[in-house]
Amino acid sequence: MSTSPATTLSSPSPGTLHRGLSSRQVQMIAIGGTIGTGLFLGTGRSLAQGGPASMLICYSIVGFIVYVTLILLGEMATQYPVAGSFNAYATRFFSPAYGFALSWNYWFNDAISVASDLTAAQLVLGFWDVSNAWTFSLALWVFLLSINALHVKAYGELEYWLSSLKVATIVIFILLGILVNVGANRDHHFIGFENWNIPGAPFVGGFGGFARVFVTASFAYGGTESLGITAGETENPGRNMPRVVKFVFWRILLFYLLSILLIGLNVPWDYPNLSSKSTTTSPFTIVFRQFGSAASASFMNTVVLSSAISAGNHALFAGTRVLYGLAQASQAPSLFAWTTRDGVPLSAMLLTSSFSVLCFGSSFIGSGQLWAWLQNLVGVSNQIALLSIGIASWRFRAAWKAQGRPLSEMKFRVGWTWPWGPPFVITAVSAIILVQGWSSVIPRFSLVDFLSFYIELLVMAIMFFVWRLPPPSSPMTAAETAPPEARPFFDFVDVSHVDLYHDEHEDAQVDKHEDEVRAQRLHGRAGWAWTLYYSVA
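Counting in full-length UniProt numbering, the sequence shown runs without a single skipped number right up to 537 at its last residue.
Hints were generated in silico from the structure; no laboratory data involved. Fair warning: this is a prediction, and the values are worked out from it, not measured in the lab. Do not rely on the hints blindly, as some may be mistaken.
[As the list claims (entries may be wrong)] The calculated SDA-like cross-link candidates involving lysine to any residue, where the alpha carbons are at most 20 Å apart (straight line), are: (1) Lys-277 x Asp-494; (2) Lys-277 x Leu-125; (3) Lys-277 x Trp-134; (4) Lys-401 x Arg-413; (5) Lys-401 x Lys-277.
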């Protein structure tokens, strides 16, 4: 049986990842990885700890930082769509030691995120007074393993439909939130800005409460950077990655800020059980309850539950790919580079999912408290990822200029972020990491809270030193008289000599054919319709 050239060129090699994610799926993965439990549940914690004004300001600041960071990542991911993404870029353009520490830290982030989302599912079930909610977490864990063990398209399709449900629900929430605020609620009462003027509002907890919201905002926006993680499995990355960067985050920012504004207007910061050690209530569910019957609140709570499933699915996928990238770079045991015939790194997936056992600790310390700690860990790790993308972009741009390559050879470039983009991200994120743990020190020092804010920095430092250890040695031959030497402490990459051509994406024949078809559609009689389609699909 003969094969066409397009088929031959696009056929994946055995033992490698498969480019099975379409533009439609990649866009929804970026949305789905961000619109999850951080927005649906984390906003309740943000409101209770910082008040409506702190929440709106902090989410706006972090949202802008993430948007700029996404542009910087998009430049590199379009030029070099490799597995491991920004971890690989930090290694290639900044420092192998730092890239090693970052990769393991980010894998740890994704592994903890799976546990966090399974714990969030238990909190959501509390709305219906479900006993032994841990059994549902166990069933959900098995379900996520099953989906991710299939072809990457199965993951992409599940994520697409779950994300579509969330996006549609948020649109409905925005409309209902406006109606509830102007009087279409069960009390037929105009709310306006009343909840901004109750005792304690709009800034709850002073500066400490304000600073604390940064970590929950970072947790909520977490996942956007995994746009680069999917680059290694994206069809025609030269065309699709820039489209994702340009369009997706504006939609996310719109959903976030409008939703957060309406939550702050309609839900008082001291609402019962909004955020406590034993329970957390979704502000979205509260607003749906204000609008109508218990049935509408149950519908919203079901969507929140689906967001936990989507976020857990996304975290397991991303963490698996990070560990696979580590193994490919000989920074993790080669066992984790093994893939099935469908291109799934199965052993990497099993290790990533093993951290989910943490979710069963809720039986001892309370689901709300456990989720708060896990949220802090993941939030700080997300901030380290943003910081590292800024550093990698700074060095990537420096290498491009130092070697005299014309900017026209960059496949994706956003001129208004030159040259201030990378230093802005580095400075802003560093400042946030330092100040957000204020409330764990003042007025009283809390060791557990302090560790949840800063232990990720210790993990980075430990892994940085682990890199300095001599690599594992193979049995020495007679000509070898000494074991391997320890790696240098400072191993910063010389940007004037880094290879800027290795792994650079070259469009395959099937990619070029897709571009030609797209151009014909856009310039045909129904060009306006195709323009509208490509802007949303």
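Worksheet entry | Pair hint Lys-401 and Lys-277, alpha-carbon separation not exceeding 20 Å | violated, 52 Å
Worksheet item: Does the alpha-carbon distance linking Lys-277 and Asp-494 stay inside the 20 Å limit?
Response: violated, 49 Å
Worksheet item: Is it true that the CA of Lys-277 sits at most 20 Å from the CA of Leu-125?
Response: Measuring from Cα to Cα gives roughly 15 Å; hence the hint holds.
Practice prompt. Could you grab the alpha-carbon distance between Lys-277 and Trp-134 and see if it respects the 20 Å cut-off?
Written response: holds, 17 Å
Worksheet item: CA of Lys-401 to CA of Arg-413, is that 20 Å or under?
Response: holds, 14 Å
Hints 1 and 5, counting from the list given before, are not met by this structure.
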